[in-house]
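J.: As a plain string of letters, each chain reads:
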Amino acid sequence: MNDEQSLDERVEVICRFNKAFQPCIPIKFKRTNGREVIVTELGLRHPRQQGVRIIHVFDVTDGQADYRLEFNSEQLVWRLTMEADHV
Amino acid sequence: MYNQAEPSVMHIDLNSCFATIEQQARPLLRGRPVAIVNRRSNHTSIVTASYEAKVLGVTTGMKLNEAFKICPDIVALESDPPKYRYIYRQLMRIMNDYSAHVRMKSIDEGVIDFSEATIDVRQRNLCDIGWEIKNRLWGEIGGAINCNVGISTNRFLAKTAAGLNKPNGLDVITHKNLRSTFKSLELTDITGIAQRMELRLNQVGIYTALEFLDANEEILRKQVFKSITGSQWYKRLRGWEVDKHDYDIKTVGRQYVLDEYKLSRDKVLQRLHFLCEEVGQKIRSQGLVARGVRVYARGYQYKGSGWNGEYWQARHLLKTSFSSDKDIYSIARQLFEDAPNFVKEIGVSCYQLDSSENIQLAFFDDRLGPGFNITSTIDSINLHYGGRTIHSADTLSSNSKITRRIPFGGTRYL
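Chains as they are written, first to last, in the numbering used here: chain H, 1 to 87; chain D, 88 to 501.
Don't read these hints as lab results, they were simulated from the structure.
As the structure is a computational prediction, the values presented were derived from the model and not from experiment.
Any given hint could be a false lead.
Below, a sample of chain H positions facing chain D; criterion: calculated Cβ distance under 8 Å [unchecked claim]:
(1) I14
(2) C15
(3) K19
(4) P23
(5) G34
(6) E41
(7) G43
(8) L44
(9) P47
(10) Q49
(11) Q50
(12) H56
(13) D59
(14) T61
(15) D66
From the three backbone atoms N, C-alpha and C, an ideal C-beta is built for every residue, glycine too.
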């Protein structure tokens, strides 16, 4: 039915900042188990409001699974909050 | 007489909106049947199905377990309101680039009125603008986001045009192709004509969309609609604008299908309390106060209950206005005392709304007194820290059960 897995994992992320319509694109992140995930596509970036704080949500894929990365713009922290393997 | 003016209204409708947005966000879902539901259970109804699912016979409103029977590999996802709100705002931003007269009809559709747009926009071909908007959606949001564009002389025909070639169509209805377009439509394809209205039209010998278009104004006014509505339909079908107005909010409400049957009365009341807090917050966010509260319940059949699951409702209208959660709940709770047991769905709404600046204060009924200051302070804290940072302890257990859903039909709370 749905193979989403909710996570709350702090991750290290490398982003590319550019002049294009999407100014910030995650290109690679490293999970707590040491596994590196190379992002092949940014599906959607959208903000999620937590009161006055803004969490930037990045839905990305590595071609094998879809991931949700969340950047807390107040704490400057990246978290991996969802993994879904639909293949 | 058909309206022979140049089309100046554009209706834009995102295709299978929520499902498409999920497919945009999660690339591995593209090309796969997807269903969006509000709650992940087999008995839940599908809010939106992707085109891949629709092709296999999955429809909006279908129970998820029925969808699994015809499409076992359908992926069911819970709705994600912040994501949809973001796309709504992006769509609105793009539409506002072409005219100051944009009205969003719901979270996934809106209308641009070009009649008062700037001269450089009005000089452009509307089809070109329609394609440009499609391209901007692809470029600025993502390649999976498609929309239907309909162009005509009034809102009704523009919406009709937007529904002609789904998905991803762009159609224009003018006085020249109005008849040929209506020839291809069923009566119930027309927005606003459902089965009951179809029956009323059938009773005066109108069986097709074309016959509806050709109907005499007097027959529509005196025999079918029995009011001025008949004349409005006569004009609407011929491309004259009769729908260019905004409606005031008449009621504000919230409903909830209980998380389980046979909940104790106390737990049902806790859920009702939660709904009252949400309704109160909605009212205050619009700067309104209410004078009436209505509660309803829908039951399930239970042997010996004497209630066959029909609809129950009660309402109460006060002389003075109120807007605090406490007042709404105290009235709702009192009304709910008469509600039967074996409830599966509950709802509460407030009516007789007025601006909080226009209210008549009563000498001895201090519903907007000190309590009002506490309520507005709580609202400010919740606005700052988000969600339900402060709420009544009674609704604590409902927090994990009731989640905020995306409102279809209205865009006031997006």
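J.: None of the hints should be skipped; say for each whether it holds.
T.: Structure-based check of each hint:
1. A least Cβ separation of about 20 Å between I14/H and chain D goes past the 8 Å threshold, and the interface hint is therefore violated.
2. The interface hint given for C15/H is violated, since its Cβ lies 18 Å from the closest Cβ of chain D, which is over the 8 Å cut-off.
3. Because the closest C-beta pair between K19/H and chain D is about 14 Å apart, greater than 8 Å, the hint is violated.
4. The beta carbon of P23/H comes no nearer than 12 Å to any beta carbon in chain D, farther than 8 Å, and the hint placing it at the interface is violated.
5. Taking 8 Å as the C-beta contact cut-off toward chain D, the hint placing G34/H at the interface is violated, the least distance being around 24 Å.
6. For the restraint placing E41/H at the interface with chain D, the shortest Cβ-Cβ distance is roughly 5 Å, inside the 8 Å limit, so the hint holds.
7. Look at G43/H: its Cβ gets to within about 4 Å of chain D, closer than 8 Å, so that hint holds up.
8. With a least beta-carbon distance of about 4 Å to chain D, the hint placing L44/H at the interface is held under the 8 Å criterion.
9. The restraint placing P47/H at the interface with chain D holds, with a minimum CB-CB distance near 6 Å, inside the 8 Å limit.
10. A hinted interface residue such as Q49/H counts as satisfied when its beta carbon comes closer than 8 Å to some beta carbon of chain D; here the least separation is about 7 Å, so the hint holds.
11. Restraint check, Q50/H versus chain D: the minimum CB separation of about 4 Å is within 8 Å; hint holds.
12. With its C-beta approaching chain D no nearer than about 11 Å, H56/H sits outside the 8 Å limit, and its interface hint is violated.
13. Nearest Cβ of chain D to the Cβ of D59/H: about 4 Å, under the 8 Å cut. The hint holds.
14. Hint status for T61/H relative to chain D: holds, with the closest Cβ pair at about 5 Å, below 8 Å.
15. Interface restraint check: D66/H against chain D, minimum CB-CB distance 4 Å, threshold 8 Å, status holds.
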